[in-house]
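*Asks:* Given next are the chains, with one letter for each unit.
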Amino acid sequence: MASCTDLEEELVRDESVATPHEPEMSRRNFLTATTALTAALAVGLPHAADAQSTTASAPRMADLLLTINGKQQALPIDTRTTLLDLLRENLELTGSKKGCDHGQCGACTVLLNGRRVNSCLTLAVTLSGAEVTTIEGLGQPGNLHPAQQAFVDHDGFQCGYCTPGQINSAAALIDEFKRGELSQVSFETGKTDHPQATEREIKERMSGNICRCGAYPNIVAAVRALTMGGVA
Amino acid sequence: MNPFTYERAAAADTAIRAASSHGAKFLGGGTNLVDLMKYGVEHPTTLVDVNHLGMDQVTPTAAGGMFVGGSVRNSDLANNPAIVRNYPLLSHALLAGASPQLRNMATTAGNLLQRTRCYYFMDTAFPACNKREPGSGCAALNGFNRIHAVLGQTDEGAASPHTCIATNPSDMNVAMYALGAVVEVQGPKGKRSIAVADFHRLPGKNPELDTNLRPDELILGVTLPPATFAKNSWYLKVRDRQSYAFALVSVAAGLEMNGGTIKSAGLALGGVAHKPWQSKEAERALAGKPANRTTFMDAANVALTGAHGYKDNAFKVEMAKQTIVRALTLAAQGVQA
Chain P
1 MASCTDLEEE LVRDESVATP HEPEMSRRNF LTATTALTAA LAVGLPHAAD AQSTTASAPR
61 MADLLLTING KQQALPIDTR TTLLDLLREN LELTGSKKGC DHGQCGACTV LLNGRRVNSC
121 LTLAVTLSGA EVTTIEGLGQ PGNLHPAQQA FVDHDGFQCG YCTPGQINSA AALIDEFKRG
181 ELSQVSFETG KTDHPQATER EIKERMSGNI CRCGAYPNIV AAVRALTMGG VA
Chain V
1001 MNPFTYERAA AADTAIRAAS SHGAKFLGGG TNLVDLMKYG VEHPTTLVDV NHLGMDQVTP
1061 TAAGGMFVGG SVRNSDLANN PAIVRNYPLL SHALLAGASP QLRNMATTAG NLLQRTRCYY
1121 FMDTAFPACN KREPGSGCAA LNGFNRIHAV LGQTDEGAAS PHTCIATNPS DMNVAMYALG
1181 AVVEVQGPKG KRSIAVADFH RLPGKNPELD TNLRPDELIL GVTLPPATFA KNSWYLKVRD
1241 RQSYAFALVS VAAGLEMNGG TIKSAGLALG GVAHKPWQSK EAERALAGKP ANRTTFMDAA
1301 NVALTGAHGY KDNAFKVEMA KQTIVRALTL AAQGVQA
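These protein sequence lines map, in sequence, to chains P and V. All the letters of the first sequence, read from the start, carry residue numbers 1 to 232 under the working numbering. All the letters of the second sequence, read from the start, carry residue numbers 1001 to 1337 under the working numbering.
Since the hints were derived computationally from the structure, they do not count as laboratory data. All values derive from a computational prediction rather than experimental measurement. Check the hints yourself; a few may be wrong.
[Claimed, not checked] With a straight-line cut-off of 27 angstroms between C-alpha atoms, the simulated DSSO-like cross-links for lysine-lysine are:
hint : chain 1 : residue 1 : chain 2 : residue 2
1    : P       : K191      : V       : K1311
2    : V       : K1205     : V       : K1311
3    : P       : K203      : P       : K98
4    : V       : K1025     : V       : K1289
5    : V       : K1321     : V       : K1263
6    : V       : K1038     : P       : K98
[Stated by the list, open to error] Below, a sample of chain P positions facing chain V; criterion: calculated Cβ distance under 10 angstroms:
hint : residue
7    : T82
8    : G165
9    : I174
10   : E176
[As the list claims (entries may be wrong)] Listed next, the stretches of chain V that the computed footprint assigns to chain P, with coverage defined by at least 3 CB atoms under 8 angstroms from CB atoms of chain P:
hint : segment
11   : 1053-1062
12   : 1074-1084
13   : 1093-1099
14   : 1303-1311
Ideal placement from N, C-alpha and C gives every residue a C-beta, glycine not left out.
One chain only, chain V, in its complex shape (with noise of 0.2 angstroms):
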C-alpha cells in the first residue's frame, strides 16, 4: 500500500476543500478502498475522513420521504424502524449483501460508490483493464467472464479503449433505483440533487468513470421519496452461495397494488450492467395490468431486451427473466414485512 496522509474532517466544507487536493479521497467505511488499496489498484496521496461530519442521521423529510446520511452504516439503515415499515425492499437488499461484519463497517454513501468486482480490474497482474488503465484494453471480454455484464455494456472487442463489461456489485444500489431515490451531493460551488439512475454510469466510451460524481464533490445522504411499495415488494439474490456472496443476478420489485391490479411499479437489476439496470420499459408494462404470470413474464422480456451474454455468462439472460418473475410474484402476494 502506498503512504498516505490522513485527515480526520470536522465540516463538509473543510472535507471538500481537502478532497480537491490532488489524489485525495473520501473515506468512509473503507470496506471496499482499503481492499483496493491494498491490491494495488487505488492508490490515494490523502484519505479525508468523511465519519465524523454528523451525516449519520435517518431523518423524515418535509414531503413525507425519508433522508439518509451518508454516512449511516449499512446495518444501521436495514434496521432502522422507519426503513423497515416504510422501506422494506431497502432493508431487504442492505442485509443481503456483504456479511454482518462489513455492514456494520459500510456506509450508505459508499456503497452508492462501491466499484466493479471485475476479476480483471481487482487484479494488477493483468494490463488489460480500461477501467483501472484507460486505454489498456479489456481482459475479461475473452476472460473468464461468469460475473460480467449482459445489458448497457460496451463491446468493441478486446483490445478497444472504450470495452467494458463490468457489472456494479451493489445490492443497496438496485432497491434504490426500484425506489427512486435521490442523491445530494455538496462540491466547491454548492449543493445539488441527482437521481441515482443519472449517478451512476454505462461504460460508454469512459469505462475508467462509474459515476457522475465530480472528485471533489460529497455524498450528503439520499432522499428517498414517500413510499409507495411497503405492503408489496421483494429483493431477490440469485448467487452460487446462499450467503456472502455477489449477485449473479439480482431483482429489486417494489409494487404499488389496487386490488388484483397493479397501479404502478419499480423494478430494477443488479449483476447485469455496470450499473444496476432500471426498465422504465418494463415498469409501464406493468402498471394498470392484472397482477399475473403473464404480466411479469411480459415485463421480464420487456427489461432483457437487447441483453447480450457471453462464453460464461450467457445463462444470465434467461436467469434474469424467471428471476423478475419471482420477485415481483413474492412481492405481489405481500410477504414482506
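Next up, chain P with everything else stripped away, as it sits in the complex (with noise of 0.2 angstroms):
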C-alpha cells in the first residue's frame, strides 16, 4: 500500500507529466479508491451487519425511480438519503454543493420539476415520478445554458463554490419573472400588478443563496443582464 506521502506526491503531479502507462490519479479518482477501500473494510465485518439488522438502527430501504438531468433512474436507497447526498454520494454528480447543509445557505440549490428547491432538506425517497435538474444538465461545455453564460460573462463568482446553486437560482428566478411571481418588494415597492426586475428585487429574490466570498454586485449584474432578456 502506497504511503500517505506517495499519494500526495501523485496527488500534486502536474498533468503533463502524466504518461498513457501510468494514467493520472486525480482528486477525484483518489476519493473513490480510497471510498472503495473503506466500503471493502465495512463489509468484512459480517457480524457487526448482522447485528445491526435486527435493530432499530438498521438501514430502511426504498425504491426509488426518478428522471435526473432527463435520463431515469432506478435506485435501491436508504430512506434517509437526502437528494444532496444522493446526487454526490451515489451518482457523482458533484455540481451541487453542500454547504450548510440545513437550507440555510442555498448552495445545494436544484430544479425539481423545474422549481428552484434546497436538495439538502428534500428526501429523495419521495421523489418518485420527479424530474430533477442539476448544474450538469443545466448545460454543458459549449453550449452553457444563458444563466451560466451570464455568470461568466460578469464575472459573478470567486471561489466558486456557491456558483451551481447561484446559477440554479437565477435560471428560476428568470422563469418566476415569466409568470408575474411576487416578492416582499413587490409589495414594498406597490408593484403587484407588476413587478420589475430591479436591483432590489434581483437581491430579495436570490437571498436564499449566500456567498461568502461577497461576490453579489457582480452576481446582481449577471441576473441583471438576465433579466433584460439579451442572453435569457
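Each chain sits in its own coordinate frame; assemble them with the hints.
*Replies:* As C-alpha cells, then:
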C-alpha cells in the first residue's frame, strides 16, 4: 500500500507529466478509491452487519425511480438519503454543493420539476416520478444555459463553491419573473401587478443563496443582464 | 438521523391510520422536520408522506371565503391571484418568510406546525429544554435570549419543568391570525374545525406541546373567512437583515375602513410569543376610532400590556409598539396591492 506521501506526490503531480502507461490519479479518483477501500473494510465485518440488521438502527431501504438531467434512474436507497447526498455520493453529480446542509445557504439548489428547491432538505425517497435538473444538466461546455453564460460574462463568482446553486437559482428566477410571481419587494414598492426586475427585486429573490466571497455585485449584474433578455 | 420507514399515502384516511402507529409523523415539505431530524431533535420511526392526497388546491367557499389545501406550497399560495387580490396580507406575510427555494417546498399545513427556532431547543448539546425534553428546565431563560418571548411566556425559573420563553417563528401564521382563519383537521373519529387562535398553545404547564392538534390528526387545510381587509392591510417584519431571516418582531395589520374611520381591525404580532399574539383588546380599541397616530399608539399600548422582556430581548417591547403603529399607518394608507 502506498504511503500518504506517495499518494500526495501523485496528487500534486502536474498533468503534463502523466504518461499513457501511468494514468494520472485525480482528486476524485483518489477519493473514490479510498471510499471503495472503506466500503471493503465495512463489508468485511459480517458479525457487526448481522447484529445491526435486527436493531432499530438498521437502514430502511426503498426503491426510487426518478429522472435526473433527462435520464431515468432506478435506485434502491436508504430512506434517510437526501437528494443532495444521492446526487453527490451515489451518482457522482458533484456540481451540487453541500454548504450548510440545513437549508440556510442555497449551495445545494437544484430544479425539481422546474422549480428551485434546497436538495439538502429534500428526502430522495419522496421523489418517485419527479424530474430533477442539476447544474450538470442545465447546460454543458459549448452549450451553456443563458444563466451560466451570464455568470461567466459578468464574473459572478470568486471561489465558485456557491456558484452552481446561484446559477440554478438565477435560472429559476427568470421563469418566476416570466410567470409574474411576486416577492416581498413587489409589495413594498407597490408593484404587485407587474413586478420589475430592479436591483432591489433581484437581491430579494436571490437571498436564498449566500456567497461568502461576497461576489454579490457581479452576481446581481449577471442576473440583471439575464432579466433584461439580452441572453435569456 | 435515525432510520425510518417511509409511506406515501394515497388517501387521507389511510394516512391517518398510518400516523396512529407510535412515533409516526406526517411529512409535508420537510423544510423544518427533515432539518430537525438532522439535528437529532425529531426522530420519527415512520414518515407518512401526505403530498399526494389532492390537498394542493385553493378554492372559493360557499360562504364567500377561500379554502387553502394543506399541501399548497407557500410560493403557490402567495402568488395565487385570488389571494393576492383579496388577502394581500397573507401573500405579503408568506413572501416575507424564508427564501424562494424554501417557499417552493414548504406547505400550508407544515407552516402551521413550524417549530420554534430557540437555539436551546434546536441544539441537543444543551440538556435543558422543556420543549425538547419535558421536565429538563429552560436554558434560554438565563442564556442568550434575543429572539425569545415577551408575552404569554411561562417563567418559573430556569429549573422549573414549566418554563418556556420560545417563540413561534412563522410569518404565515401571524397573517392567518389577523385574518381569522380556521384550521380544518381530520382524525380517526372524523373532522373538526379549529379557529387558528385556538390551534396554537401558550406554553402554560406543557411547553412540549406547540398546538392542540392530536398526533393522528391530519390538517386538511385552512378556511379563510370572506375578505374584509383587501384594501387596507400591511405585514411589517423587523429583523437583523432585510431578507431570509426570522422576525425579531412582526405585525400583521388589517383595517376595514369607512372613510377616515376604522370599522373593524385585525392585529397580530409575530416573534414575541409562543404563538402569534393576537390582541382582541387592541382590535376593539381600534374599532370606531379615526385612523390616526393617537389611535394607533393607544392600540399598541393595549397590545403590549403585561409584556416582560429579558436580558437580551427587552427592546422588543418598545419595538413591537412602534412596529404596530407603522404597520397600521401603512395599512390605513391602502398602499397594499
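*Asks:* For each hint, tell me whether it holds in the structure or not.
*Replies:* Against the structure, the hints:
{"no.": "1", "hint": "P:K191 - V:K1311", "verdict": "40 angstroms, violated"}
{"no.": "2", "hint": "V:K1205 - V:K1311", "verdict": "23 angstroms, holds"}
{"no.": "3", "hint": "P:K203 - P:K98", "verdict": "22 angstroms, holds"}
{"no.": "4", "hint": "V:K1025 - V:K1289", "verdict": "47 angstroms, violated"}
{"no.": "5", "hint": "V:K1321 - V:K1263", "verdict": "21 angstroms, holds"}
{"no.": "6", "hint": "V:K1038 - P:K98", "verdict": "14 angstroms, holds"}
{"no.": "7", "hint": "T82", "verdict": "7 angstroms, holds"}
{"no.": "8", "hint": "G165", "verdict": "9 angstroms, holds"}
{"no.": "9", "hint": "I174", "verdict": "12 angstroms, violated"}
{"no.": "10", "hint": "E176", "verdict": "7 angstroms, holds"}
{"no.": "11", "hint": "1053-1062", "verdict": "violated (count 0)"}
{"no.": "12", "hint": "1074-1084", "verdict": "holds (count 4)"}
{"no.": "13", "hint": "1093-1099", "verdict": "holds (count 4)"}
{"no.": "14", "hint": "1303-1311", "verdict": "violated (count 0)"}
The structure fails hints 1, 4, 9, 11 and 14 (numbered hints given earlier, in ascending order).
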